[in-house]
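Following the hints, position chain Z against chain W.
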Amino acid sequence: MATILLNSIQSEWMKTKRSAAFWLVLSGGFFIPGILTLVHLVYIKKLGKIYANTPFWEKWLINGWESMSVLLIPMGIVLATSLIAQLEYKSNGWKQVHTTPQNLTTVFFAKYTVVLVLMLQMFVLFGLSMYLAGAIPAWYYGHIQYPKEAFPWGRFIQINASFYVMALPIVALQYLLSIQFKNFMVSLGAGVALVVAAIIALSWRYVYLVPYTYGAIYYLQLQGKMRFKSNILDIHYLALIYFFAFTLLSYILYLTKKEKG
Amino acid sequence: MNQASMYCIETTHLTHQFAPGKNILDDINLQVPTGSIYGFLGPNGAGKTTTLRLILGLLKKQKGEIRIFGQSLAENRVAILRKLGSLIETPSLYGHLTAAENLLLLQKIYQSPKARIPEVLELVGLPDTANKKVSQFSLGMKQRLSIAVALLNQPDLLILDEPTNGLDPNGIIEMRELLKRLNQEQGITILISSHLLAEIEKLVTHVGIIHKGQLLFEGTLPDLVHKQQESSRVSLITNDNARSLQLVQSLQPEAQQQNGKLLLPLLPPEQIAQLNRHLVQNNIDVYHLAVEKNDLESIFMELVNN
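As given, the protein sequences belong to chains W and Z, one line each in that order. Counting from 55, one number per residue, gives the positions in the first sequence under my numbering. Counting from 40, one number per residue, gives the positions in the second sequence under my numbering.
Incorrect hints may appear among the rest.
[What the hints assert, rightly or not] If you want the ones that stay clear, here's a sample from chain W, every Cβ over 12 Å from chain Z, calculated:
| hint | residue |
| --- | --- |
| 1 | L60 |
| 2 | S65 |
| 3 | F110 |
| 4 | W148 |
| 5 | Y195 |
| 6 | G196 |
| 7 | F205 |
| 8 | I211 |
| 9 | A215 |
| 10 | F238 |
| 11 | A247 |
| 12 | A251 |
| 13 | L256 |
| 14 | S284 |
| 15 | I286 |
| 16 | T310 |
[Unchecked claim] In silico DSSO-like pairs for lysine-lysine, Cα to Cα no more than 30 Å straight-line:
| hint | chain 1 | residue 1 | chain 2 | residue 2 |
| --- | --- | --- | --- | --- |
| 17 | Z | K251 | Z | K241 |
| 18 | Z | K100 | W | K314 |
| 19 | Z | K300 | Z | K332 |
| 20 | Z | K171 | Z | K122 |
| 21 | W | K71 | Z | K147 |
| 22 | Z | K147 | Z | K171 |
| 23 | Z | K172 | Z | K147 |
| 24 | W | K100 | W | K113 |
| 25 | Z | K171 | W | K144 |
| 26 | W | K236 | Z | K147 |
| 27 | W | K99 | W | K202 |
| 28 | W | K236 | Z | K99 |
| 29 | W | K314 | Z | K147 |
| 30 | W | K314 | Z | K153 |
If you are wondering where the hints come from, they were derived from the structure by calculation, not from laboratory data. We put the CB at the ideal spot given by N, CA and C, even for glycine.
Chain W extracted, bound-state conformation (with noise of 0.2 Å):
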């Protein structure tokens, strides 16, 4: 079974190929870092104060997850979500995916799981590429002082972590828009009215029952500027059950939806 499963992820991995869904993650993770080195490549006298603040790495990173918390991180998780499965209804590859011998489960988690990675793929890409946008600009100009302090991997990747689980309800409920309708519009659509009103909900009460926020939340909380508090759970909790829950829906409806291609 599991032998299945990993032909199976890898048969979809290759899909992914050159594939719209994959630049748009490759870019997605370069976007913010690469524009902050360029800005601090050009304001050159900008560079000596930011290294100063400490702890810089810290708040280097929180500063590169301000527009990808709130906007970039969903909005690419939307579009990259909707083109893969789009690479099938575009090439009219559900029949001949459900024609292979792969029992349906196989089918679903295999392409989910090929969506979660290339998400984590973009979240591994913007961390590294942070880091590097925080020390070209000192290695370019080697006059500048580098920070002291040692890089925090730990916090970093926890950071970055947090994130991620931030974003799962969102992959969660983009996937299931995008396997269960044809139209690219559809799952597009609902995706950025979603994402609309996740920003108009920050001022809201109850905010912490609207998933899609979670991302710009956590970046709140890093800042220490987050309005609510969450009286039921933990954020990463909420979350998590908001994953598994529309994992869960999506799965049921995928496996008795009465047309397969």
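Frame of chain W; chain Z shown alone:
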């Protein structure tokens, strides 16, 4: 030979509807003999693709039973699909990948030898296109590549829905020869659908004709040819058809007048000559006397139109 080995595909009372009260398929009992090339014929919208999608498990079965290789599809779906190759309607190919990559991602699932990839590309006449992106393929090339995909796992059964769509006349002939070869040399059972009898009559051993969700005919190609001979008629036009009818009916009571012609069942040549003599001896001028043979296409149309 038991039932299981006699029929590669067998459907019993297969009925399907997309909207309540309107049967798209109505009690279809299909029997595709093992080793045959079965032509599944019917005009557009007759229910061919729906039947094939049900057989492949792409549509959820509502009523009836489907058995493939003697096993129930509902209970042995994965085992059955392992020995089956298919092409339903349009090709299912990923345009951003090359031909070889499209095959490779299925090779991962079937776990067939990698050497099979150039082999099937050669088989369908695409030996030099392995590294070409599928988005640059013509429709005919895509159709060929889809056949290669269907053959990748060395199937025992091929289900092809209108596989000649998009092929030029030469491509159609090549495809026909390939399918014949696969059937004769490798013993692959082939179920092929088409809306044109002329296109597949040179290929198939068995025929099923479906129209408005009902299976109107199922049998061997000779059975269909026999039906053709049965429906051949002698037609006559004379200077006085009414009187001629009376005269002819004294010899052939089944004779009837239709659209200005006298029509009789097919007769041996001697009897036709005798009939002609009888009319002439009774001062009737015979303008036209001929045997009207229905070709297979007319039989098909007759079945469909009735």
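Right, here's what the structure says about each hint:
1. L60: 9 Å, violated
2. S65: About 4 Å separates S65 of chain W from the closest Cβ of chain Z, which leaves it inside 12 Å; violated.
3. F110: 41 Å, holds
4. W148: 8 Å, violated
5. Y195: Correct as stated: the minimum Cβ-Cβ distance to chain Z is 41 Å, above 12 Å.
6. G196: At about 43 Å from chain Z, G196 of chain W clears the 12 Å cut-off, so the statement holds.
7. F205: Answer for F205 of chain W: holds, closest chain Z Cβ roughly 38 Å.
8. I211: 32 Å, holds
9. A215: Consistent with the label, A215 of chain W stays out of reach of chain Z, its closest Cβ about 30 Å off (over 12 Å).
10. F238: Since the minimum Cβ distance to chain Z is about 15 Å, F238 of chain W lies beyond 12 Å and the statement holds.
11. A247: Given that every Cβ of chain Z is farther than 12 Å from that of A247 of chain W, nearest at about 28 Å, it holds.
12. A251: 33 Å, holds
13. L256: 37 Å, holds
14. S284: 42 Å, holds
15. I286: 39 Å, holds
16. T310: 9 Å, violated
17. Z:K251 with Z:K241: Measuring from Cα to Cα gives roughly 25 Å; hence the hint holds.
18. Z:K100 with W:K314: The hint holds at about 12 Å.
19. Z:K300 with Z:K332: 15 Å, holds
20. Z:K171 with Z:K122: 28 Å, holds
21. W:K71 with Z:K147: OK: K71 of chain W and K147 of chain Z at ~15 Å, within 30 Å.
22. Z:K147 with Z:K171: 20 Å, holds
23. Z:K172 with Z:K147: 19 Å, holds
24. W:K100 with W:K113: 15 Å, holds
25. Z:K171 with W:K144: Roughly 19 Å between the alpha carbons, so the hint for K171 of chain Z and K144 of chain W holds.
26. W:K236 with Z:K147: 26 Å, holds
27. W:K99 with W:K202: At roughly 18 Å apart (the allowed maximum being 30 Å), K202 of chain W and K99 of chain W satisfy the hint.
28. W:K236 with Z:K99: 18 Å, holds
29. W:K314 with Z:K147: 21 Å, holds
30. W:K314 with Z:K153: 28 Å, holds
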